[in-house]
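Protein chains in written order, with the working numbering: chain W, 1 to 346; chain G, 1 to 346.
Honestly, I wouldn't trust all of these hints.
Note that identical chains are pooled: a pair holds if it fits in a single copy or bridges any two copies.
[To be verified] With a straight-line cut-off of 25 Å between C-alpha atoms, the simulated DSS-like cross-links for lysine-lysine are: (1) 11 to 249; (2) 119 to 11; (3) 169 to 249; (4) 211 to 311; (5) 311 to 208; (6) 169 to 208; (7) 67 to 111; (8) 67 to 211; (9) 111 to 208.
Since the hints were derived computationally from the structure, they do not count as laboratory data.
Being a predicted model, the structure only gives us computed values, none of them experimental.
2 protein chains.
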Amino acid sequence: MPLSEPEKIEKIVVPTFAAASRSAPLLLQGVSITTVLDSSDQDDCAMFQVAGQVDLVWGTDYIRGPKFSLFELGHLSLYDIGWYLAGANLSDIAAMGAAPIGLVSVVRYPKNMDDESFKLVLEGIRDGCSYCGTNNVGGDIGSAERLILSASALGAVERGCALTRTGAKVGQLLVLTGHTGLAGAAMKAATSGRAAVTDTEAFRLSLKKWKHVEPRFGHARVLARYARHVGACLDTSDGLVGAIEEIAKRSRVGISVQESMVPVHPAVTELAEFLDSDVSTIVFGDSVDFELLFTVDEEVVGEVTTALQEKELECFVIGRIEHDSGLRFIRTDGSTSAMPGVAWRH
Amino acid sequence: MPLSEPEKIEKIVVPTFAAASRSAPLLLQGVSITTVLDSSDQDDCAMFQVAGQVDLVWGTDYIRGPKFSLFELGHLSLYDIGWYLAGANLSDIAAMGAAPIGLVSVVRYPKNMDDESFKLVLEGIRDGCSYCGTNNVGGDIGSAERLILSASALGAVERGCALTRTGAKVGQLLVLTGHTGLAGAAMKAATSGRAAVTDTEAFRLSLKKWKHVEPRFGHARVLARYARHVGACLDTSDGLVGAIEEIAKRSRVGISVQESMVPVHPAVTELAEFLDSDVSTIVFGDSVDFELLFTVDEEVVGEVTTALQEKELECFVIGRIEHDSGLRFIRTDGSTSAMPGVAWRH
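Working from the sequences, and respecting the hints, build out all of it.
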């Protein structure tokens, strides 16, 4: 018999989220943000003290979670979708160049869900937050006809240093923080119905993008320091081509991408071969890798790259903002074509 | 054929939420909060500029919405549950004594939902926010197997003036901002299966508590001015007896309530009679009226009442914080009994 809701809150929710969220205030240049009330207080709201000039960023994401094909097929656990909830929400904060203040999460559970399972979801949320150096500070626990997961993330960034989706300028370089296509390849492999492909090391590697979403706060906070040289920035949650199209549309610019400069993970190449798919279609397509794509002035790109490398963070210059409208994909053989891949939602 | 998701965002979401959210910064004593990015920007996050010393409060609530019995029975519209989503979330901000900064909302719709219905939900959210002088500044629009509604609200309050659920002191008076039991009476009437009762004016009046949730910001902001004299404060979203029990438990105090001082709305009396129910059980029971219940030093209660009356806001002293533990309900005839009603979730 699962615990009642008040018992769940007391015996599972509060202990799981009882992190040291109050001990370390978030310190930005000229501003401190201190958590005063968190999950353990179970008040009407979480609370923070803010002192100084700061820009706050705030978003929300529902995740399909238990309706993910990869969950239904048994490749993701309840812990994984808890982590995903935190990661997907926090990635929006990273995409603004901000540091995370915290997460509030909605976990509505089916009445017959055992407490161990419920706890796994919460532990995933906790560890997803913890990976980003933040904490789940509140939320809404209750029952529903199925597991329903939604959350909201809050972040802070030095005044005027937030990175938005607009502002790409002609001549700026287009930079990506990591490999894309892994998440999409994992999905494609799992739903292919071919058991052999999900037994590969390449699949296990690709699946990590779903199991442990890693918002790019390391990159984000370096980029915020270069905010006046950064144009547009967003995460690749709708896929790489979706992010490229978004930048072009928002800033009314053209973009050229060099095939030879786009990083391709060996696992994607291997899975593409297995699945008889085109590698570029996977790398550019609907793949929720939560990398950041940004534009930056050419004269500082070396400095930014060095600053990232000092923190052992990689980045890849993959193209350039062009005066002529339209998207151009310049193939390794020198030919030009339309951008490969199809964005999520198209 | 309903619009695609990008079209929905462009043609319904952005125009519906295109309020004047950026024109009027929220001004508290010594601090201004200005919305910089809102729904119309469709960026990764909404954004605010904060300047000064401020406490931020932040919560989230999922609502059953389309699974409400009153919705399933046809007494609530899609517009109403949109408003309820905003109201329930913003009420948590009011319960902290704060002013609302904004709302972000998750509206996941079934693929076959027509655009007019989708728009009604958003208009309800918009008007629920607008009633509180705030705006929906962002969110997550997408599809799901059924209509899923969740949101998060953010608020600001002068440093040190937030009202929490703890801190009730012996000798303080217990005060309620309005009538409770109306929402519960409406629910009881609708689910009684007796058509005659839902044809009454009393039912229509009670139903308003569900159709137009009215977070008590007027009261909240007056109470924040008296923060050092206010002990505990919370909203009655779990019912009046639930709120009373919560105060007693949090502050480890006893509470006595005078039956003769508890306001009873004539509509509740009428519906109780119709339904052959006990009035007090309805007034104290599981009823989501979103009133505030707070404790306040006896020496300022007159001043607080006057300050509220100046804004045409009512309040009712219903009891007192006692040294002896336990809850005592003092009946009109002088006898003492256990508190009537059963809280939500018990």
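Hints, one by one, checked against the model:
1. Only between protomers do residue 11 and residue 249 lie at most 25 Å apart by alpha-carbon distance; the minimum there is 17 Å, versus 49 Å within a single protomer.
2. For the identical chains of this complex, residue 119 and residue 11 are intra-copy neighbours only, at 10 Å inside a copy versus 41 Å across copies, given an alpha-carbon limit of 25 Å.
3. In this assembly of identical chains, residue 169 and residue 249 lie within 25 Å of each other by CA distance solely inside one copy; the values are 12 Å within and 59 Å between copies.
4. For a Cα distance limit of 25 Å, the shortest separation of residue 211 from residue 311 inside one copy, 24 Å, qualifies, whereas the shortest one across copies, 53 Å, does not.
5. In this assembly of identical chains, residue 311 and residue 208 lie within 25 Å of each other by CA distance solely inside one copy; the values are 22 Å within and 57 Å between copies.
6. For the homomeric pair residue 169 and residue 208, neither the shortest alpha-carbon distance inside one copy (34 Å) nor that between copies (52 Å) is at most 25 Å.
7. In this homomeric assembly, residue 67 and residue 111 come within 25 Å of each other (Cα to Cα) both inside a single copy, at 18 Å, and across copies, at 15 Å.
8. In this assembly of identical chains, residue 67 and residue 211 lie within 25 Å of each other by CA distance solely inside one copy; the values are 15 Å within and 31 Å between copies.
9. In this assembly of identical chains, residue 111 and residue 208 lie within 25 Å of each other by CA distance neither inside one copy nor across copies; the values are 30 Å within and 30 Å between.
Hints 6 and 9, counting from the list given before, are not met by this structure.
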